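These are the residues of each chain, in order.
There are 2 protein chains.
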Amino acid sequence: MRSSSDAGSRPGKVDSAKEDIPERHGSRSPGTLKVIGLGPGNSDYLTPSARHALKEADVIVGYKGYIELIDTDILQDKNVISTGMRGEIERCLKAIDAAMAGKKTVVVSSGDPGIYGMAGLVMELLHEKNLLHKVEVEIIPGIPALSAAASLLGAPLMHDFAVVSLSDLLTPWEVIKKRLITALEADFVIVIYNPRSRKRNWQLSEALKLVIEYRGGAVPVGIVRNAARTDQQVSVVRADQVDAESIDMLTILFVGNSKTRQRGEFMVTPRGYLDKYGHR
Amino acid sequence: MRSSSDAGSRPGKVDSAKEDIPERHGSRSPGTLKVIGLGPGNSDYLTPSARHALKEADVIVGYKGYIELIDTDILQDKNVISTGMRGEIERCLKAIDAAMAGKKTVVVSSGDPGIYGMAGLVMELLHEKNLLHKVEVEIIPGIPALSAAASLLGAPLMHDFAVVSLSDLLTPWEVIKKRLITALEADFVIVIYNPRSRKRNWQLSEALKLVIEYRGGAVPVGIVRNAARTDQQVSVVRADQVDAESIDMLTILFVGNSKTRQRGEFMVTPRGYLDKYGHR
Chain G
-12 MRSSSDAGSR
-2 PGKVDSAKED
8 IPERHGSRSP
18 GTLKVIGLGP
28 GNSDYLTPSA
38 RHALKEADVI
48 VGYKGYIELI
58 DTDILQDKNV
68 ISTGMRGEIE
78 RCLKAIDAAM
88 AGKKTVVVSS
98 GDPGIYGMAG
108 LVMELLHEKN
118 LLHKVEVEII
128 PGIPALSAAA
138 SLLGAPLMHD
148 FAVVSLSDLL
158 TPWEVIKKRL
168 ITALEADFVI
178 VIYNPRSRKR
188 NWQLSEALKL
198 VIEYRGGAVP
208 VGIVRNAART
218 DQQVSVVRAD
228 QVDAESIDML
238 TILFVGNSKT
248 RQRGEFMVTP
258 RGYLDKYGHR
Chain Y
-12 MRSSSDAGSR
-2 PGKVDSAKED
8 IPERHGSRSP
18 GTLKVIGLGP
28 GNSDYLTPSA
38 RHALKEADVI
48 VGYKGYIELI
58 DTDILQDKNV
68 ISTGMRGEIE
78 RCLKAIDAAM
88 AGKKTVVVSS
98 GDPGIYGMAG
108 LVMELLHEKN
118 LLHKVEVEII
128 PGIPALSAAA
138 SLLGAPLMHD
148 FAVVSLSDLL
158 TPWEVIKKRL
168 ITALEADFVI
178 VIYNPRSRKR
188 NWQLSEALKL
198 VIEYRGGAVP
208 VGIVRNAART
218 DQQVSVVRAD
228 QVDAESIDML
238 TILFVGNSKT
248 RQRGEFMVTP
258 RGYLDKYGHR
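As you go down the protein sequences, you meet chains G and Y in turn. Using the numbering used here, the first residue of the first sequence is number -12, and each one after it goes up by one. Using the numbering used here, the first residue of the second sequence is number -12, and each one after it goes up by one.
Honestly, the hints are just simulated from the structure, not real lab data. It is possible that some hints are incorrect.
[To be verified] Below, simulated DSSO-like cross-link-like pairs (lysine-lysine); rule was C-alpha separation at most 30 Å, straight line: (1) K42(Y) <-> K246(G); (2) K246(Y) <-> K263(G); (3) K246(G) <-> K65(Y); (4) K196(G) <-> K164(Y); (5) K196(Y) <-> K246(Y).
[Said to hold, decoys possible] Residues of chain Y placed beyond 10 Å of chain G at every Cβ, according to the derived structure: (6) G52; (7) T59; (8) G71; (9) E172; (10) R185.
If you're wondering where the values come from, they're calculated on a predicted model, not measured in any experiment. From the three backbone atoms N, C-alpha and C, an ideal C-beta is built for every residue, glycine too.
Please take these sequences and the hints and turn them into a complete structure.
Laid out in structure tokens, this is it:
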């Protein structure tokens, strides 16, 4: 088991190599590779740890839409490498090259890099290139989209939940469908990422049909677009009243479990305290 | 649909009442009630938004173990109301009373208050007491334990995942067991909260038996105790090598899906980029 005695001052640092396999240390590249989460993109939700990594960086790599979320004063005097959508592998390779060349390198993700973010691809590529122990890599978590969005809805995630991406770009629809059905059967609250894009326009309607079939049309669905950004939109509606056509890639949905209720403008999934301990 | 034009400056603020039902505003108590997430408890992961709420507060309410995580300079000159374990309802009622009495009141949770945290109970009690529209309530997300822990393991959550608490204090074991089995069948990565306590000592072993039955003994399991705290411990082992006896309430576990692999000291669930786009 790895343990970290200095985690208090350097949270998130994976420092086991230091203790377990000291010889690795000498053979590592002088650069570092940090994969950080910006959270929703608003600086009020950027952790000190992520801000520090950005400030210290020589090279900042990311999708241009996310780079734009960073305060311009942080980006000054940095080598910023940004690419468009679908440039994920290219971006990660450039970041690895920079770290191997001795640069303090930061890869940015929106939300949490560990949830459908860049952490996985960075780790996979480091493994493929046999560099996992040559580069000092650190993942710095961010406020995930599911947390930012849930906070605006009230408390939809107070009980067990399942997180499903509807994107079938890398996952067959049959796998996604099976996950939705089993999550519905087991009464999980369901968080839906990547519900719909211009090209991927039928999956959400199929998912909502399943929701209504298994949970009924009245189950509350929370819809949050651009959580904690300037054009944030929040609503709670019945499943049979969701307007799928109005939903896009920047939206995240929450399907209530059998006990979730709409409470005023909010959506609340009870944990069970009040049933057990009274206050009725 | 609610929308927020000033979300850029005040992320997370649920401000729909201001726009939709202005008359509510006049009847609200002068106090505020903010439910905030401390994240792992280390100040490097406390968001500026949560820190601001703590600094501005008149009254800070929380479980004493979490109050201890807050920098003492923030707590100076505050009315701090802390109670022990199982005091959840009492704490929330005291916080609601303070907010109704006009105080700027903050309820603290570790991690994200929206994930098995205090947000739900606060909302439920406000609803029960018919105060949901009398108190200006705001949920401020924090880095969830699952994100802090995953970041130390590498990238276990790169694909669809299910989050299950093994505590049967408020949920029957049969419900928990069904959720575990369906999540295993649908190949979700599974995050296990509240795996074991001194009194609740058999559920984790039962859960691990199911994991081995459905996924085999070799599936990687990530174990993180006290993520980003001073006595942080991190390990990745095979499911059939987990020492259940060594695991306590401060630990969170990650069960890989069929594609998750141990990579050096890390645990990585591929998203599928490399299979689709090459680099082999």
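Status of each hint after checking the structure:
1. K42(Y) <-> K246(G): Judged against 30 Å, a Cα distance of about 36 Å means the pair is violated.
2. K246(Y) <-> K263(G): Status violated; Cα separation ~40 Å.
3. K246(G) <-> K65(Y): Roughly 37 Å between the alpha carbons, so the hint for K246(G) and K65(Y) is violated.
4. K196(G) <-> K164(Y): Distance ~26 Å between K196(G) and K164(Y) Cα, so the pair holds.
5. K196(Y) <-> K246(Y): holds (20 Å)
6. G52: holds (16 Å)
7. T59: holds (15 Å)
8. G71: Consistent with the label, G71(Y) stays out of reach of chain G, its closest Cβ about 15 Å off (over 10 Å).
9. E172: The claim is violated: E172(Y) sits with its nearest Cβ about 6 Å from chain G, within 10 Å.
10. R185: It holds; R185(Y) is separated from chain G by about 20 Å at its closest Cβ, greater than 10 Å.
Consistency note: the structure conflicts with the earlier hints numbered 1, 2, 3 and 9.
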